[in-house]
Amino acid sequence: MKIKNSFGVIVLLLGGYLLFSLYQSSLPIIYGTRAKANIIGTDSVKNKRFTYLYYPVFQFNYQNQLIKFTDKSSSVDKDIEKSEVMVYYDQNYGFSQGFTTEKIIFLIISILLILFGIVCLVKPF
28 MKIKNSFGVI VLLLGGYLLF SLYQSSLPII YGTRAKANII GTDSVKNKRF TYLYYPVFQF
88 NYQNQLIKFT DKSSSVDKDI EKSEVMVYYD QNYGFSQGFT TEKIIFLIIS ILLILFGIVC
148 LVKPF
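Using my numbering, read the sequence shown as starting at 28 and increasing by one per residue.
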């Protein structure tokens, strides 16, 4: 009986931690302002495998200030065309490009873990 309860608590805590971290990464989307950003170029960084990674450099106006930001969360092709992208920005929480499929998948996983943890704690075997 104790093993089932311990497993349920561990799964519940894991799902709660995952949900909390998703909430923290979504704060720019929740509290930020949506703006049109221009990709003005790429920033190259030498990788450990003797190659270069290229990160997009965004430029946008936020409350009459011109902000340039390098997004190091995803790499792009070196010859990326200059284009417009919708982004979310807040001074306190930072920069985000919106909800991605990875965030939605991890949200579903965290909700399933929480529900499975509750079932393990409540349902007697």
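Be aware that one or more of the hints could be misleading.
[Said to hold, decoys possible] Taking lysine-lysine and the DSSO-like style, the derived pairs with C-alpha atoms no more than 27 angstroms apart in a straight line are: (1) Lys73 / Lys109; (2) Lys105 / Lys63; (3) Lys105 / Lys95; (4) Lys95 / Lys73; (5) Lys99 / Lys63; (6) Lys73 / Lys99; (7) Lys150 / Lys31; (8) Lys95 / Lys150; (9) Lys99 / Lys150; (10) Lys29 / Lys63; (11) Lys29 / Lys150; (12) Lys109 / Lys95; (13) Lys95 / Lys63; (14) Lys31 / Lys63; (15) Lys75 / Lys105; (16) Lys63 / Lys130; (17) Lys99 / Lys109; (18) Lys130 / Lys105; (19) Lys73 / Lys105.
Since the hints were made in silico from the structure, they are not lab data.
Structure-based check of all given hints:
Of the pairs offered as hints, the one joining lysine 73 and lysine 109 holds, with about 22 angstroms between alpha carbons and a cut-off of 27 angstroms not exceeded. Between lysine 105 and lysine 63, the direct Cα distance comes to roughly 22 angstroms. Compliance with the 27 angstroms bound is thereby established for this hinted pair. Pair hint lysine 105 plus lysine 95 holds up; C-alpha atoms about 18 angstroms apart against a cutoff of 27 angstroms. Distance hint between lysine 95 and lysine 73 is fulfilled; the C-alpha atoms sit about 21 angstroms from each other, no more than 27 angstroms.
Straight-line distance between C-alpha atoms of lysine 99 and lysine 63 comes to about 19 angstroms, which keeps the hinted pair within the 27 angstroms bound. A distance of roughly 13 angstroms separates the Cα atoms of lysine 73 and lysine 99; the hinted pair therefore holds under the 27 angstroms criterion. For the hint linking lysine 150 to lysine 31, the alpha-carbon distance of about 10 angstroms falls within 27 angstroms, and the restraint holds. The hinted pair formed by lysine 95 and lysine 150 fails the criterion: a straight-line CA distance of about 53 angstroms is larger than 27 angstroms.
With a C-alpha separation of about 45 angstroms, the suggested pair lysine 99 and lysine 150 falls outside the 27 angstroms cut-off, and the hint is violated. Between lysine 29 and lysine 63, the direct Cα distance comes to roughly 54 angstroms. Violation of the 27 angstroms bound is thereby established for this hinted pair. Taking the CA atoms of lysine 29 and lysine 150, the gap is about 13 angstroms. The hint holds against a cut of 27 angstroms. Of the supplied pair hints, the one linking lysine 109 and lysine 95 holds, its CA atoms being roughly 14 angstroms apart against a limit of 27 angstroms.
Using a Cα cut-off of 27 angstroms, the hinted pair lysine 95 and lysine 63 holds, with the two alpha carbons roughly 12 angstroms apart. The suggested pairing of lysine 31 with lysine 63 is violated, with an alpha-carbon distance near 50 angstroms, which exceeds 27 angstroms. As the CA atoms of lysine 75 and lysine 105 are separated by approximately 18 angstroms, the hinted pair is consistent with the 27 angstroms bound. Of the pairs offered as hints, the one joining lysine 63 and lysine 130 holds, with about 22 angstroms between alpha carbons and a cut-off of 27 angstroms not exceeded.
For a cut-off of 27 angstroms, the pair hint linking lysine 99 to lysine 109 stands: about 17 angstroms separates their Cα positions. Only pairs whose Cα atoms come within 27 angstroms are accepted, and lysine 130 paired with lysine 105 is accepted, the gap being roughly 26 angstroms. Annotation: proposed proximity of lysine 73 to lysine 105 holds, straight-line Cα distance about 13 angstroms (limit 27 angstroms).
Hint violations for this structure: numbers 8, 9, 10 and 14, all remaining hints satisfied.
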